[in-house]
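Respectively, the protein sequence lines represent chains A and B.
For the record, in the first sequence the residue sitting at position 7 is 534 according to this note's numbering, with numbers rising by one throughout.
For the record, in the second sequence the residue sitting at position 184 is 185 according to this note's numbering, with numbers rising by one throughout.
This list has only true hints and no planted wrong ones.
Which stretches of chain B does chain A cover? Using the computed rule of at least three CB atoms under 8 Å from a CB of chain A, they are:
(1) 136-148
(2) 253-263
(3) 310-316
(4) 387-401
Pairs of lysine-lysine, DSS-like flavour, derived with a Cα cap of 30 Å:
(5) Lys540/A - Lys594/A
(6) Lys317/B - Lys594/A
(7) Lys594/A - Lys318/B
(8) Lys712/A - Lys401/B
Simulated from the structure, these hints should not be mistaken for lab results.
All figures in this text were calculated on a predicted structure; none of them were measured in a lab.
C-beta atoms are modelled at their ideal positions from N, C-alpha and C, and glycine is treated no differently.
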Amino acid sequence: MAKDLAKALADLKEDEVLAIVQEKLNAGADPLGILADAGRGMETVGTRFSKSEYFIPDLVYSGEILKKVNEMVKPKLTGGGAAKTGGKVIIGTVAGDIHDIGKDIVVFMLDVSGFEVFDLGVDVPIQKFVDKIQETGASVVGLSGFLTLAYDAMKQTIDAIKKAGLRDKTKIMIGGGQITDEIVKYTGADAYGKDAVAGVTLAKKWMTAK
Amino acid sequence: MEKTWEAMTADEKKNDLIGKWLSPPGVKFNSPDAEKGYKARVQRILDAANLKKPDRVPCFPMFGFFGAYYSGLTPYDVMYDYDKLMSSFSKYILDLQPDAHGSVTISPPGKLHDIVDYKLYAWPGHGVAKEHSYQCLEGEYMKANEYDALIEDPTNFFLTSFLPRTMGALDGLKMLTPFTNMTEMYGGFTGAAFVPFGLPPVQAALKAMIDAGNEALKWIGTVAGYGAAMAAAGFPGFFGGGTKAPFDTIGDTLRGTRGIITDMYRQPAKLIRACEQLLPIMVKMGVSNAKVNGNPVVFIPLHKGADGFLSDEQYKKFYWPTLKGLIEGLIAEGCIPFPWAEGGYNSRLKVIKDVPKGKVIWGFDTTDMAKAKEILGDVACIGGNMSIATLMVGTPQDVKNSIKKLIADCAKGGGYIMMSGAVIENVPPDNVKAMIDATKEYGVYK
Chain A
528 MAKDLAKALA DLKEDEVLAI VQEKLNAGAD PLGILADAGR GMETVGTRFS KSEYFIPDLV
588 YSGEILKKVN EMVKPKLTGG GAAKTGGKVI IGTVAGDIHD IGKDIVVFML DVSGFEVFDL
648 GVDVPIQKFV DKIQETGASV VGLSGFLTLA YDAMKQTIDA IKKAGLRDKT KIMIGGGQIT
708 DEIVKYTGAD AYGKDAVAGV TLAKKWMTAK
Chain B
2 MEKTWEAMTA DEKKNDLIGK WLSPPGVKFN SPDAEKGYKA RVQRILDAAN LKKPDRVPCF
62 PMFGFFGAYY SGLTPYDVMY DYDKLMSSFS KYILDLQPDA HGSVTISPPG KLHDIVDYKL
122 YAWPGHGVAK EHSYQCLEGE YMKANEYDAL IEDPTNFFLT SFLPRTMGAL DGLKMLTPFT
182 NMTEMYGGFT GAAFVPFGLP PVQAALKAMI DAGNEALKWI GTVAGYGAAM AAAGFPGFFG
242 GGTKAPFDTI GDTLRGTRGI ITDMYRQPAK LIRACEQLLP IMVKMGVSNA KVNGNPVVFI
302 PLHKGADGFL SDEQYKKFYW PTLKGLIEGL IAEGCIPFPW AEGGYNSRLK VIKDVPKGKV
362 IWGFDTTDMA KAKEILGDVA CIGGNMSIAT LMVGTPQDVK NSIKKLIADC AKGGGYIMMS
422 GAVIENVPPD NVKAMIDATK EYGVYK
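Modelling step: build the complete structure from the supplied sequences, incorporating the hints.
Here it is in structure tokens:
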């Protein structure tokens with residue numbers, strides 16, 4: 528009986544997931560097929576999260592399981608992984624703020640949703656966002672910040688993007704513990720995502736509207 | 002003869018602490034007005050905590066480094082210069098006249114952390130800009146396979162694993178053997194147990210600890226001096242001590258967010274056992290400071306139990322049992338627990354209602370306050386929710402409107418304290434003033 532990898536991952540059954548992957552690899556299954564199954568499992572995780580059936584621990588734990596799957600499959604991959612077709616997104620925690628947990632979850636969810644993500648890390652200087660937009664031509668930028676000091680850093684980053692003449696071509700979302708509509712207006716962003724899945728939804732909406 | 006602390010009932014302990022809060026030993030008030038103002042402010046907070054109607058809603062903005070910014074200084078300035086800390090944190094209290102201050106302990110001694118080569122935080126001038134507050138550097142300072150070591154002997158784990166990993170200058174402590182080995186002379190127990198203290202890395206660590214201790218003494222002098230000076234001028238401190246929920250103790254600085262999350266799935270029983278092991282230690286941490294400071298309120302900042310961070314089942318299984326135990330343990334020692342729920346706590350309100358009536362102050366950040374009042378109002382005093390976003394980027398009129406709404410939603414019948422939802426850092430002073438003045442204007446009970 529072939530066990531369902533996508534379902535096992537969606538249900539966060541770590542041991543079962545790893546056993547199925549091992550079984551498939553032993554049987555000479557296509558590594559890309561395994562990753563595609565895992566991707567479908569992650570999609571279910573995201574859906575359950577947006578329906579409030581799953582919470583942050585479930586997202587993080589699914590990521591931990593996926594990491595192990597990737598480690599097992601990687602040596603068997605002849606070419607690269609599956610091509611990223613969702614579009615390019617630049618993400619970083621703004622200057623002065625070094626918090627990464629929220630940002631990392633957003634990066635992870637964007638990545639498993641098929642986006643090509645450029646993660647600039649934390650405490651990212653304003654100019655680095657501008658340079659990366661120019662370099663990659665990404666049309667969506669996500670600015671993260673946990674502290675209230677991030678409000679001004681977000682505003683200054685968006686101002687710099689404007690000044691570089693890139694604002695019209697770029698959609699900007701912000702996110703973090705103390706972000707409200709008031710702060711969207713203050714910083715000049717387009718929207719904020721209240722959680723990682725909301726961020727993915729925004730990015731998808733903006734990419735298709737292009 | 003006076004009863005010893007151990008012989009007192011919980012109510013007697015609480016009355017003892019409240020007596021010291023109302024009439025702080027050794028404090029000479031600057032004027033009869035200052036004394037009157039001081040006692041009225043403490044009584045206002047106590048009435049609210051006891052679910053009674055005070056004369057008006059007390060106002061305690063949760064201040065971070067606001068005092069530094071208010072005086073044109075940086076967090077770096079006040080972390081490294083205790084005179085500047087004293088003067089700037091005094092000035093805004095005297096100017097803006099809230100009902101309580103939050104001490105100067107929010108500004109830790111910078112030099113001490115230089116001396117111990119602290120790794121757990123970045124702080125002004127040391128990983129973050131001098132203009133910004135300190136920030137935690139999460140990591141797995143305790144490994145996934147070290148639960149048994151923590152559970153078997155928490156103190157020894159801190160001494161020989163956690164401290165060397167988080168303080169570079171204390172690396173030598175990892176060579177120590179358990180102090181419980183020093184049971185007696187016979188058979189060489191003591192002799193063997195002292196061997197590590199002859200080794201240069203341990204001696205270097207001890208030297209760093211002595212230097213850090215000397216710095217701590219200078220800083221604590223400012224902390225005590227500030228408390229006394231503010232009391233003399235009529236302004237009480239809001240809390241006497243602080244502690245943490247056991248789940249946060251493990252999740253914030255031992256295992257980190259990712260670590261504790263995976264532990265919930267991979268080794269749930271050990272995580273729960275560790276929380277239980279830390280519970281009495283966390284109770285003692287809160288009580289001891291409350292007793293030293295003669296103030297029963299014990300601050301408990303809550304992090305990883307917020308909406309979304311755990312499912313309802315996970316909250317009830319992993320987080321709440323030992324937080325409830327902490328709250329009950331503090332109450333048994335005469336304290337007033339002041340859990341402060343960062344983020345949203347909407348999904349937790351029904352669970353946290355399960356505390357003794359009139360004994361707890363629940364502080365909230367982004368929680369729906371009308372809902373909190375409805376669910377908790379007859380059990381616990383609530384406070385907080387003045388939006389930090391509005392305080393940062395709104396106008397004084399925006400702040401005033403928010404205060405008016407909060408008072409309309411929450412103040413009915415007493416049991417409400419006006420607080421900011423999150424810590425006030427570089428907020429426009431006019432907005433802080435508007436928060437305090439509007440509470441005084443709209444918060445009067447008729």
